[in-house]
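Peer 1: So the chains spell out like this:
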Amino acid sequence: MTSIVITARTLPLENLRRRPMRTAALLVVVAVLAVAFFGGSMLGINLGNGMRSMERRLGADLMVVPQNTESKAEALLTDGSPSTFYFTKEIAHRIERADGIAQASEQTYIASLAAACCAEKLQIIGYDPATDFVIEPWIASQFDGALEDGQMIAGANVNVSADGTIELYGRAWPVVAQLAVTGTSLDNSVFINQDTVPDMVEASASASRRVMPAEYADKAVSTVMIKVKDGYEPQTVADSIKSIDPSLGRLGYVYPGGVTAAAKTALGTLVGYVVVFVAALWAMGVIVLLAVFAASANERKREFASLRIMGATRGMLYGVIARESAIVGLAGGVIGVAAASLVLFPFSALIGSRLELPYLQAGPLVVIGVAAASLVLSTFAGTFASLVAMRGLARPEAYLTLRQGE
Amino acid sequence: MDDLTTHLLHVADLTKRFTRRGEPFDAVSHVSFDVDPGEFVAIVGRSGNGKSTLINMIAGLVRPTSGLVEIDGAVVAEMGDRDLSLLRNRTLGFVTQSQTLLSNLTVLDNVVFPATMFPSGLSASDAPGATGPENEDSLVDRALGLLRRLGVEDLAGCRPRELSGGEMRRVSIARALMNSPRLLIADEPTGDLDQESTGIVTGMLRELADGGTAILMVTHDPDALKVVDRVHRMDAGRLSDALSSI
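Just so you know, the protein sequences line up as chains A and B, in that order. In terms of my numbering, the first sequence has 205 at position 205, counting the first letter as 1, and numbering is strictly consecutive. In terms of my numbering, the second sequence has 459 at position 53, counting the first letter as 1, and numbering is strictly consecutive.
The reader is advised that the hints may include incorrect statements.
As the list claims (entries may be wrong) - SDA-like cross-link-like pairs, simulated, lysine to any residue; straight-line CA separation at most 20 angstroms:
no., chain 1, residue 1, chain 2, residue 2
1, A, Lys227, A, Asp99
2, A, Lys301, B, Asn510
3, A, Lys301, B, Ser504
4, A, Lys301, B, Arg565
5, A, Lys301, B, Pro430
6, A, Lys301, B, Val475
7, A, Lys229, A, His93
8, A, Lys301, B, Arg567
9, A, Lys301, B, Arg452
Simulated from the structure, these hints should not be mistaken for laboratory data.
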């Protein structure tokens, strides 16, 4: 007769296999803990990445935008929807004459339509490569070349056709590069040089609805991005601009540092809630595990006394307990991490937009690290709870346990 | 301490004191006796007179308040956890009064299990402990042989919950014999058995004793006493001198 002999090493697996309901219940508890830890950690890390990415992309100290468009401009910096707004180049040039400005560069924003004309609704950003200090350094790190008239650089989330073009307003625009993910609305943007803006406006007119009057096509400016000189505060430079002409005082002034600070506050609050939620869930989970293991410890007193009588050392008993709980902890952890991954990774863009915060998915090494930490913690929690609950079972006086009920 | 090494089991002035309702009492009081290889010794007495406490102290499952237990030349109280566990696994076989089969294992796995616990502590002649793949079949064969002798071989694939009390008792005996112990301690081994099964078990124990195994049995069963070499009575924790010899 051939048989697979069960040893002290394989006994834990057999014990788990023979108690499917108890094992399943423990797996569910541990899996929930792993979901909470892995999901919460990844959420916090990805939001932090998004925040840092946003800070890196906001190289301007001050943005001057048309009257009553501050909120649209702020939304463009974080995770808002595409917008079109502008004043004229003449205003921009007056702004740039103010005291305290180290660098100034103009950008023009056009929101494409989500209609038959366009592949998708995008933020079209016209910038001047010659003066730009916000986008160009970032683009330059990923695109080694000059952006010619009529060409585009696409954000990470923009769908580029297989032939390397994007269809906008009935025209296929060649894409020369696609940028890495930033976790901000820039991922849903395409970048053109300022000379291409009139072409885009005309294209919109012929394909659907004109995005701005023809007379503004070559002189529309949505924002003047300003880097202040050393020793100047953005607020001071804004006051300087306003002092040039009272009409400039009615423009919108956006301080990206303030936007970052506000987003940071929102992020801090959210992460705080997540930490409290995960901590509470873990506390409850460990209590549940302790309760389950304590209950099973009572029902297993006889089993452990029996093992002692057969010659099991205390180490063997602890080994059986630890291996059982480690198997549950590891398997539950794997299930939890897998379940959380099924939600986190495919729906990361949706999560980011729902949270209305910059959300940048961490790289594979970080994900693997957090997953490994989740598995270690899950395994440790299971083992800790079981060893605490069953610490009395390996006492020398096994006989007294055995006599109970005789 | 002059002749401690000449007996397989040497018990000297052994006492276990418990406290009940704040009052100390000796469950086992100054008990002394010896058992040699091949001897079949029975201890009788009313319930609660300390028989089980005595044999559990011998097996190292309860620490004595005073006195000495020596098995095969080793003082049980002085042994560390590993040595004591090895003693229980290799030198002793223990049939407990209560049901102690592992509920998650089959009857066959229960019987084989003790032979897998100290695989490295054995020589080739102690084949039961070696758990290499080549030895698994021999372990299973040996376990099935024991179950066959006790009339429960057909239950090898059953779980303990599927067995009657008498069947569980016979499986427990097979398990205790798996590692060919030099001293078998049996607490009411025929307690749940009918007359025929009692005959099978006592016959087997007698055969083992004749083969050199020392057997210490606690029993209330007059039929079981027919095959023993010596009977002691335990009364209020005190052990009488041998009452009879067969």
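Peer 1: Against the 20 angstroms threshold, does the CA-CA distance of lysine 301 of chain A and proline 430 of chain B hold or violate the hint?
Peer 2: Given pair lysine 301 of chain A, proline 430 of chain B is violated - Cα atoms ~27 angstroms apart, limit 20 angstroms.
Peer 1: Does the structure keep lysine 301 of chain A and arginine 567 of chain B at a Cα separation of 20 angstroms or less?
Peer 2: Cα-Cα ~17 angstroms, so holds.
Peer 1: Could you grab the alpha-carbon distance between lysine 227 of chain A and aspartate 99 of chain A and see if it respects the 20 angstroms cut-off?
Peer 2: holds (12 angstroms)
Peer 1: Could you grab the alpha-carbon distance between lysine 301 of chain A and arginine 565 of chain B and see if it respects the 20 angstroms cut-off?
Peer 2: Between lysine 301 of chain A and arginine 565 of chain B the Cα gap is close to 19 angstroms, so the pair holds against 20 angstroms.
Peer 1: Is it true that the CA of lysine 301 of chain A sits at most 20 angstroms from the CA of valine 475 of chain B?
Peer 2: violated (26 angstroms)
Peer 1: Within a Cα-Cα threshold of 20 angstroms, do lysine 229 of chain A and histidine 93 of chain A meet the stated pairing?
Peer 2: holds (18 angstroms)
Peer 1: Could you grab the alpha-carbon distance between lysine 301 of chain A and serine 504 of chain B and see if it respects the 20 angstroms cut-off?
Peer 2: Holds, at roughly 13 angstroms.
Peer 1: Just to be careful, I want the Cα atoms of lysine 301 of chain A and arginine 452 of chain B compared with a cutoff of 20 angstroms; is the pair within it?
Peer 2: Not OK: lysine 301 of chain A and arginine 452 of chain B at ~27 angstroms, beyond 20 angstroms, violated.
Peer 1: Take the C-alpha atoms of lysine 301 of chain A and asparagine 510 of chain B, compute the straight-line distance between them, and say whether it is at most 20 angstroms.
Peer 2: Roughly 14 angstroms between the alpha carbons, so the hint for lysine 301 of chain A and asparagine 510 of chain B holds.
Checked against the numbered hints above, the structure violates hints 5, 6, 9; every other hint is satisfied.
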